[in-house]
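Same order as they appear, the protein sequences are chains A and B. Numbered according to our numbering, the first sequence spans residues 14 to 232. Numbered according to our numbering, the second sequence spans residues 14 to 232.
A hint or two may mislead.
A pair counts as met if it fits within one copy or between any two copies, since identical chains are not told apart.
[Said to hold, decoys possible] Distance condition first, Cα-Cα at most 27 angstroms in a straight line; then the derived DSS-like pairs of lysine-lysine:
| no. | residue 1 | residue 2 |
| --- | --- | --- |
| 1 | K130 | K229 |
| 2 | K49 | K130 |
| 3 | K229 | K175 |
| 4 | K187 | K47 |
| 5 | K112 | K224 |
| 6 | K148 | K204 |
| 7 | K65 | K78 |
| 8 | K148 | K65 |
| 9 | K130 | K30 |
| 10 | K229 | K187 |
| 11 | K224 | K114 |
| 12 | K131 | K153 |
| 13 | K144 | K65 |
Calculated from the structure, these hints are not laboratory results. Bear in mind the structure is a predicted one, so any value in this text is a computation, not a measurement.
Protein chains: 2
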Amino acid sequence: MRFYQSITADITIFTIKDGQLKVLLIKRTNEPFKNKWALPGGFLYQNETPEKAALRVLKAKAGIKNVYIEQLYTFGGFGRDPRGNIITVAYFALVPREKIKISRSDKIQTPTFYSLKKLPSLAFDHGRIIKYALKRLQAKLEYTNAIYALLPEYFTFNQLQKAYEITLGTKLDKRNFRKKFLMLKLIKPTKKMLRGTRQRPAQIYQFVSRKPAELKKFF
Amino acid sequence: MRFYQSITADITIFTIKDGQLKVLLIKRTNEPFKNKWALPGGFLYQNETPEKAALRVLKAKAGIKNVYIEQLYTFGGFGRDPRGNIITVAYFALVPREKIKISRSDKIQTPTFYSLKKLPSLAFDHGRIIKYALKRLQAKLEYTNAIYALLPEYFTFNQLQKAYEITLGTKLDKRNFRKKFLMLKLIKPTKKMLRGTRQRPAQIYQFVSRKPAELKKFF
DNA sequence: CCAAAAGTGTTGACTGTACACCCATGT
DNA sequence: ACATGGGTGTACAGTCAACACTTTTGG
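Given these sequences and hints, build the entire structure.
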């Protein structure tokens, strides 16, 4: 016996903006949940893998590719979606805010970055998905180099530390942070300094590699 | 636009048997991959969630319920399955071998536990799935109490340590292991001793709780 | 009394954490 | 000159890893 299901791919797109961790939401223009905020996503095309669908949506809604993306969980079940038993493969993506280009054609859906602390009421079970994604993101920061995906190519140590503090929601000790992070050898100093601020210029760093990798230990 | 896909749920069922970590495989009786070994699994029924399908398969093939089960990953893509773009939600389950009851009606499929070190040639991309499941299992042992799911209700410290050694594939120091594990307060001694062996009798322990839980730290 | 696994502590190395001051610049 | 974030080192505590002998039983 063989049955057929509808599958959607939904993405939680994280970025750091205005010193806060934010998620991209769009306003639904169709039923169900018309006019409610939701994660970008959509049905898989015929012969499309969930991953490809997620990348397609990412490109369409945020104008970005070559981005850190990872499968989160597959949700299924009645009650999630009034249209019936729809199965959703959820992804999360990390994007430095410079890379995001909101498409003009999507104006109607008003894609907006919401702070995780002030989320609006959400369609489907997207609140749950976002919570789950945040938990995963925080876990990932502790044993992978994923933080690179939230930072621009060149950055100061302070920006790096802030990125951790914002996503983990904790304060970190400046000296200990430096020590630990330098030991990991993930970043290297460039020849540039950040000048023009009215303080001592800051060394500018870049990641040795901008590819996902696991660490032996961290935090 | 809305399309429909076929979805399967496949399970990697782990158990410890004869001092080895083993996986339950069945011999396929139909094309494709007829007569090849494969993970138990099957298509989702209409209106069935992936999780329910996994539990159904688990019950049918290994005669067990109330078991540690966890979603692993959702695989999709051409090339995986010659029938086309079939999407598979993979699960893994941990079962103490006492609980397993292979159903007689399944004799034709000859469900068999294979050691992870001596796997036969496998159907689909099931080799990859098993590898992935093993990695996840090993990771889980380091920050959860999942080991309980591989052990019977009553066990000795030695069995516990062996369970870790077998699944992680490493030798552990007896004294350090005891110290660390007792600190976690996951197990308590019962009033029974294992007698009848020709050595000093061993204290019999049981888990305080047989529910999944995360640890602050471990291994 | 012998074989076999059960049970038990100490030490040194390392890792993580707490903590405060001087530096270089722009205004 | 001063305000601002940039940059640096040390000491203590806690955790982890290495290591060997005595105990209790059954045969």
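Hints versus structure:
1. K130 <-> K229: Between copies only: 25 angstroms across chains, 32 angstroms inside a chain, cut-off 27 angstroms.
2. K49 <-> K130: within (18 angstroms within a copy, 51 angstroms between copies)
3. K229 <-> K175: both (23 angstroms within a copy, 24 angstroms between copies)
4. K187 <-> K47: neither (46 angstroms within a copy, 61 angstroms between copies)
5. K112 <-> K224: within (17 angstroms within a copy, 43 angstroms between copies)
6. K148 <-> K204: neither (36 angstroms within a copy, 41 angstroms between copies)
7. K65 <-> K78: within (11 angstroms within a copy, 35 angstroms between copies)
8. K148 <-> K65: So K148 and K65 pass the 27 angstroms test inside a copy (24 angstroms) and across (25 angstroms) alike.
9. K130 <-> K30: Cα proximity of K130 and K30: one copy only (13 angstroms, versus 49 angstroms across).
10. K229 <-> K187: Both. Shortest intra-copy (22 angstroms) and inter-copy (24 angstroms) distances satisfy the 27 angstroms Cα cut-off.
11. K224 <-> K114: Result: close within a single copy only, 22 angstroms intra versus 45 angstroms inter.
12. K131 <-> K153: Cα proximity of K131 and K153: one copy only (23 angstroms, versus 33 angstroms across).
13. K144 <-> K65: Both. Shortest intra-copy (23 angstroms) and inter-copy (23 angstroms) distances satisfy the 27 angstroms Cα cut-off.
In this structure, the earlier hints numbered 4, 6 are contradicted, and the remaining ones agree with it.
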